[in-house]
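Whole structure, please, built from the sequences with the hints as guidance.
Take 148 as the starting number for the sequence shown in the working numbering and just add one per residue.
Hints listed in this document are in silico derivations from the structure and should not be mistaken for laboratory results.
Some hints could be false.
Once the Cα atoms are required to be at most 27 Å apart in a straight line, the calculated DSS-like pairs of lysine-lysine come out as [said to hold, decoys possible]:
no. : residue 1 : residue 2
1   : 234       : 253
2   : 191       : 237
3   : 204       : 253
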Amino acid sequence: SFFLKKSSQRFEELKEEFFRISPNFHLLQIDNSLLVLSLDTLEKLFGFQEVIKKEAKVGVEAIEAISLVENPETLHELIDNVTTARKLTKVAKASPVLKLGIENAKIIEFCKSFPRLKGKIRFNADGDKIQLDTKVSKTLFIQLLMDDFLTSELTEFHYTSLAKDVAVEET
Numbered sequence: 148s149f150f151l152k153k154s155s156q157r158f159e160e161l162k163e164e165f166f167r168i169s170p171n172f173h174l175l176q177i178d179n180s181l182l183v184l185s186l187d188t189l190e191k192l193f194g195f196q197e198v199i200k201k202e203a204k205v206g207v208e209a210i211e212a213i214s215l216v217e218n219p220e221t222l223h224e225l226i227d228n229v230t231t232a233r234k235l236t237k238v239a240k241a242s243p244v245l246k247l248g249i250e251n252a253k254i255i256e257f258c259k260s261f262p263r264l265k266g267k268i269r270f271n272a273d274g275d276k277i278q279l280d281t282k283v284s285k286t287l288f289i290q291l292l293m294d295d296f297l298t299s300e301l302t303e304f305h306y307t308s309l310a311k312d313v314a315v316e317e318t
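Below, the structure is given as structure tokens:
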């Protein structure tokens, strides 16, 4: 390939190197460093999205293994959305609910009683499995598995929290 530059009467081939800046560049190499201006582009170019989707599938399989969801196929649909897929990758690796093996009955009871979940997550006719039939219920379910719904023992206020620092008793 080659580049042309405008001359007074015609185009001439540009032989020397040049630096072109346009409003849509995504990566910039400076010395031995790479400046990333668009993470989405980087993810697409290097196949990170496929890695995220593959890990999200592991998260869905972990959920399927506990037989809590009546319609687990709806979780597979979430894998195609990279934002949701990222959340599902965290479920496989770091869900306190899955890691501790919390019983399904206890999870269902929590869904029925916690104010943020009550009425937004539905159940099958027997009441022993969660029915994920709305976008909201799917999002809340992922948050539930990440133990994002908390209650203060002091005030009994209910919270949604991503960050959870473990409180350690001093001896």
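Against the structure, the hints come out as follows:
1. 234 to 253: 23 Å, holds
2. 191 to 237: Holds - the C-alpha atoms of residue 237 and residue 191 are around 20 Å apart, at most 27 Å.
3. 204 to 253: It holds: about 25 Å lies between the C-alpha atoms, which stays within 27 Å.
Every hint, counting from the list given before, is met by this structure.
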